[in-house]
Amino acid sequence: MSIRGKTAVVGIGETPTDRLGSKPDEARKSTAEYLAWAARLAMEDAGLTKKDFDGQGLAAIYTTNHSQPFWPEEVAAILGITPGVSLAGGNGGASSVSLLGHAAAAISAGLCDLVLVIAAASPFGERGGHRGAPADTRDYEMPFGVMGPNCKISFVMSRYMHESGMTEEHFGKIAVTGRYHASLNPNAYLRKPITIEDYKKSRLISDPIRLLDCVLPANGGKAYIMASAERAKDLRKKPAYLLGWGECNNASYGPRYRANPLITGITQAGKRAFDMSGVAHKDIRCLNLYDDYIPIVMIQIEDLGFSGRNDKAFFEKTDFTFKGDLPIQTSGGMINCGQPSTTGGMLHVLETVRQIRGEGGDRQVPNIKFGISTGVGAVNYGKNFGCTAAAILGSEA
Amino acid sequence: MADDKLAKKPLPEITPVNQPFWDGAKAGKLMMQKCQDCGTWVFCPRPVCGDCASDRLDWVQVGGKGKIFCFTVVREVVGQALRGFAPDIPYVTAWVDLDDGPRFCSNVIGCPIEKVHIDMPVEVVFEDSGDGVTLPKFKPC
Chain A
1 MSIRGKTAVV GIGETPTDRL GSKPDEARKS TAEYLAWAAR LAMEDAGLTK
51 KDFDGQGLAA IYTTNHSQPF WPEEVAAILG ITPGVSLAGG NGGASSVSLL
101 GHAAAAISAG LCDLVLVIAA ASPFGERGGH RGAPADTRDY EMPFGVMGPN
151 CKISFVMSRY MHESGMTEEH FGKIAVTGRY HASLNPNAYL RKPITIEDYK
201 KSRLISDPIR LLDCVLPANG GKAYIMASAE RAKDLRKKPA YLLGWGECNN
251 ASYGPRYRAN PLITGITQAG KRAFDMSGVA HKDIRCLNLY DDYIPIVMIQ
301 IEDLGFSGRN DKAFFEKTDF TFKGDLPIQT SGGMINCGQP STTGGMLHVL
351 ETVRQIRGEG GDRQVPNIKF GISTGVGAVN YGKNFGCTAA AILGSEA
Chain B
398 MADDKLAKKP LPEITPVNQP FWDGAKAGKL MMQKCQDCGT WVFCPRPVCG
448 DCASDRLDWV QVGGKGKIFC FTVVREVVGQ ALRGFAPDIP YVTAWVDLDD
498 GPRFCSNVIG CPIEKVHIDM PVEVVFEDSG DGVTLPKFKP C
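If you read the sequences in order, they're chains A and B.
Start counting the first sequence at 1; every next residue gets the next number (the numbering used here).
Start counting the second sequence at 398; every next residue gets the next number (the numbering used here).
Please keep in mind that the hints were generated in silico from the structure rather than gathered at the bench.
Hints may be right or wrong, so weigh each one.
Facing chain B, a subset of chain A residues (Cβ under 8 Å, in silico) [to be verified]:
id	residue
1	R138
2	D139
3	C151
4	F155
5	H162
6	Y253
7	A378
8	Y381
Below, a list of computed lysine-lysine pairs in the BS3-like style, where the Cα atoms sit at most 30 Å apart [said to hold, decoys possible]:
id	chain 1	residue 1	chain 2	residue 2
9	A	K323	A	K312
10	B	K512	A	K312
11	B	K512	A	K173
12	A	K200	B	K512
13	A	K312	B	K464
14	B	K464	B	K534
Here's a subset of chain B near chain A, in silico, CB distances under 10 Å, partners left out [stated by the list, open to error]:
id	residue
15	K406
16	P409
17	F482
18	D494
19	P499
Quick caveat: nothing in here was measured; it's all calculated off a predicted structure.
Don't be surprised by glycine CBs; every beta carbon is placed ideally from N, CA and C.
Build the full structure now, drawing on both the sequences and the hints.
Okay, here's the thing in structure tokens:
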């Protein structure tokens with residue numbers, strides 16, 4: 001049994017993001033408030049109410065400052081919902097895309113016909129609970145001063161530049177494109193256009209990673225609602241059908257003790273999504289790729305097969321803007337819209353839905369039928385991402 | 398920041414799985430797990446081989462020479478847990494591919510930062526943290 005076309009995203013909700021004090025009038029809000037806000041927005045968007053979710057599915061994503069083991073139950077309590085199916089997202093930044101498949105499986109199997117997928121975080125607004133680290137990180141990275149993802153992706157980027165010959169010009173072009181899209185997205189946080197010179201001049205954080213390579217930590221909440229294809233027909237908005245989905249975790253390209261970090265599990269997750277959907281690469285008109293760092297966007301374009309490996313000329317000649325050859329990061333990405341912990345990855349699902357609905361406003365991709373979203377999470381020791389997921393959404397089942 | 402000078406650096410948690418590694422480091426030996434059944438290296442330490450699932454893993458001493466696979470220069474502290482590193486900034490962390498062993502993440506010391514490069518030959522040196530743990534680090538060779 002395939003889940004192809006059996007379900008659709010029928011509602012999306014996105015609160016504004018803030019950094020508590022970076023801009024005037026940013027009020028302090030807790031994670032609970034962002035959760036309630038995001039849920040309400042998604043339900044209004046779908047034309048549903050809280051009552052519709054009793055006995056249905058609730059999928060809550062663990063965040064870095066809310067990782068207590070009963071988090072999905074706490075979220076149900078905050079929202080006042082009595083779920084009949086409780087799902088959890090434990091794959092970090094990959095969770096939002098992973099849960100598209102998990103929710104679709106639950107719906108297709110008849111366990112429920114609605115799932116609310118939700119995440120929120122307020123790292124600037126409240127301290128939150130326990131924050132742990134995987135044993136490999138705790139024992140073999142932190143004692144050597146590895147500063148989390150900044151360092152880990154710097155390792156990857158250092159090797160990527162060495163093997164591919166990509167330069168600041170290539171990375172800068174992706175950064176400039178993302179910011180350009182953000183300038184057209186009223187929900188983005190950083191909206192002032194930048195140039196490649198701005199990119200090159202931005203300060204080094206962990207060589208070769210610069211400030212303008214990095215995601216922007218923020219507060220905020222996001223949610224989406226999935227429904228069976230049948231239920232979707234009667235709801236308020238045009239459905240964005242889930243046509244292809246794949247997940248790949250703990251991938252290793254080469255021996256586990258010395259893997260190639262320039263290939264990620266998105267290779268396998270993406271292939272599964274393409275195989276399931278039957279959609280051709282040329283028909284995908286929007287790529288919303290998990291963007292904790294600029295080089296990761298580029299590696300995923302390679303992983304998904306939109307370009308060859310280390311193909312500098314491809315990155316030089318391709319127009320990645322919304323009206324170009326291969327539109328990417330049409331929301332501006334998390335780098336410009338903000339990353340409220342693992343909530344950040346929801347952005348890439350929401351943006352593909354917006355594009356497929358034709359709600360992209362000034363950044364609407366013309367004639368779009370299919371888009372792809374990816375999520376990645378955890379950077380494994382000496383490798384690249386641990387959790388990866390890819391999903392293809394389309395305007396028709 | 399005076400606070401950062403007092404802040405301690407995080408140390409590994411010594412567990413039954415990784416203890417031979419840290420005991421070895423204290424004795425000036427770089428110890429790694431090798432699968433007796435399929436012969437692959439296993440690192441970080443595990444109870445079973447990640448390739449063939451065998452639990453017959455040996456701890457063997459490796460030579461400690463290798464090459465830099467990639468590296469970064471750390472210029473900013475991120476997170477409270479790591480602020481003990483603030484006085485060391487800027488410093489180099491690298492993935493070292495050991496000539497006779499797995500990839501190992503550590504610091505490159507005893508070398509000006511601007512001289513560090515990919516493929517640079519390095520060898521292990523053992524640095525006493527002063528807190529009961531010895532950290533294997535690397536210097537040019």
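Now the hints, each set against the structure:
1. R138: holds (6 Å)
2. D139: holds (4 Å)
3. C151: Status holds, d = 5 Å.
4. F155: Hint on A/F155: holds, closest Cβ of chain B at ~5 Å, below 8 Å.
5. H162: With a minimum Cβ separation of about 5 Å from chain B (threshold 8 Å), the hint on A/H162 holds.
6. Y253: violated (13 Å)
7. A378: violated (14 Å)
8. Y381: With a minimum Cβ separation of about 6 Å from chain B (threshold 8 Å), the hint on A/Y381 holds.
9. A/K323 with A/K312: It holds: about 21 Å lies between the C-alpha atoms, which stays within 30 Å.
10. B/K512 with A/K312: Distance ~27 Å between B/K512 and A/K312 Cα, so the pair holds.
11. B/K512 with A/K173: holds (29 Å)
12. A/K200 with B/K512: This hinted pair holds, its Cα atoms lying about 22 Å apart.
13. A/K312 with B/K464: holds (26 Å)
14. B/K464 with B/K534: Given pair B/K464, B/K534 holds - Cα atoms ~13 Å apart, limit 30 Å.
15. K406: holds (7 Å)
16. P409: With Cβ-Cβ at 4 Å, under 10 Å, it holds.
17. F482: Because about 4 Å separates B/F482 from the closest Cβ in chain A, which is inside the 10 Å limit, the hint holds.
18. D494: Constraint on B/D494 satisfied, holds at 6 Å.
19. P499: holds (4 Å)
Violated hints, in rising order: 6 and 7; the structure is consistent with all others.
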